[in-house]
Amino acid sequence: MPGIKDATAVVGIGQTPFAKQLPESEKALACRAILTALDDAGIAPAEVDGLASYTMEETDEVEVAKAVGLGDLTFFSKVGYGGGGSCATVAHLAAAVATGQATVGVAWRSRKRGSGPRPWKNTAVQLPTPAQWTRPFGLLRPADEIGMLARRYMHEYGATRDHLFNVALACRNRANQNPAAMMYERPLTREMYMTSRWISEPLCLFDNCLETDGALACVIVSAERARDCRQRPVYVHSAAQGLPAQHHGMVNYWNDDPLTGPAWTAARHLWKHADFTPEDVDVAQIYDAFTPLIPLSLEGYGFCGRGEGAAFTEGGALEIGGRLPVNTGGGGLSEAYVHGFNLINEGVKQLRGTSTAQVPGAATCLVTAGEGVPTSALLLRS
Amino acid sequence: MAEIAEMAEVAEAAETAEVNESLLSPVLDDDGAPFWQYAARGELRVQACADCGGLRFPPRPCCPHCHSFADEWRRMSGRGRIWSYVVPHPPLLPAYAAQAPYNAIVVELADAPHIRLVGNLVSGPDEPLDSVPPERIRIGARVQAVFTELNGVTVPRWVLERA
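Here the protein sequences line up with chains A and B, keeping their order.
The first sequence maps to residues 1 to 382 in the numbering used here.
The second sequence maps to residues 1 to 163 in the numbering used here.
Some hints could be false.
Claimed, not checked - Here's a subset of chain A near chain B, in silico, CB distances under 7 Å, partners left out:
#, residue
1, Phe137
2, Leu139
3, Leu140
Bear in mind the hints are in silico, worked out from the structure with no lab data behind them.
Note that the Cβ used here is the ideal one computed from N, Cα and C, for glycine as well.
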């Protein structure tokens, strides 16, 4: 079976500014990101025949397609689970292009989470199963749900707040190099971290991602077509989704091993179809809605053993020059929180050699989607 | 001016009402309803497969092991240990913010350690969510289920075995 290995490439990326509040609608921001990505690729909107986006999305295919003047669409898909779907949008397009269902695919994310409402405040949509088992008891927000797993992780493996700080600091340091990042001019110190206000103990303010208005998009075509595009192709080497048996989403308290999340499932499939291993990854963009997701993902994707994710962050391992530089644009913690799409585009920038925090000679990049919910991941290579 | 004062008064009353807004009650569904019905009798029961006997939580229509649709609700002792906990701080929904910082805990049941329930550690059945100081909470601490009423639905709460 031929599969999708290196059959497609990301040839265009686009983004809007990132801010706490942008005046334009999500739809307008989506259109801007998509047109920028197509222009980056040198492909006309009328050539687009495939789309992929998220279900938690207010800009649907019909609205986007008619606004930016796309051609006749023959493939369109939406992936659920918020930030867990980010890499899957690219994966779906890669599969569609590789199997002839589409020739030019666009994936995008537009979100006004900086100025718009907080999803967890909508109790009407949140309360049915499994929320009846959690929310009446004040486990209201994603930070509370992940905080519960984080506390158990710290208890079982001796992880400390300093480990979580290592994650927050690495992301902030990269954001300080990235003029497009919301935290570009805002350095972080250990003292700031340790004295910041709690959100849900053991998680403090700096363990939580930003709240951002903004949009991003990317363009996927066949490897053959990619050679004729304006930019250096970044190949989709391997892609996977992951929904483990007996998984329960962010409230994953009801199976034998709650700390083995969807990352482990996605990783098994990802590596099975790859020509290289975790040791060969030059740079990683790891979904960071909350700092504990990084050590959990480091374990899941095989960069270290079970329970070693926190210790892995020591000694500047996540910084440029470290064992595994991560989230080189600043990530969801310090660049922008747009359900992980900025991690995809940053992976592309690294492999083009155009990141604001470039890892010298980076040729392979892991990009992951939200851990703790049904997830997805990509291995990109130049 | 009087009109403005009156408007301010109305706004203040609305704000107070918001703070006093009650905590969220469970929204029952077909699978979970028996849990809450037994809780109303002061019984902690967990769904079990009537064929292979396996316990499962949260409740669901059929057994993921043997695929039987026959179930029964097995009574638990109500004893357990704290598996993990968080202490949420605002921003929160108003009724929860009013009691913050409070605790939310996950309890693993002594009768079936792989069955875990989310709840709150309190000093007594009808005490507020912040009635136990966070520094007294430890993973592994032994707890016992008690019951309280939340807007017409009886829910379990947890007290320390050795208070």
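### Task
Enumerate the violated hints, using their earlier numbering and listing them in ascending order.
none
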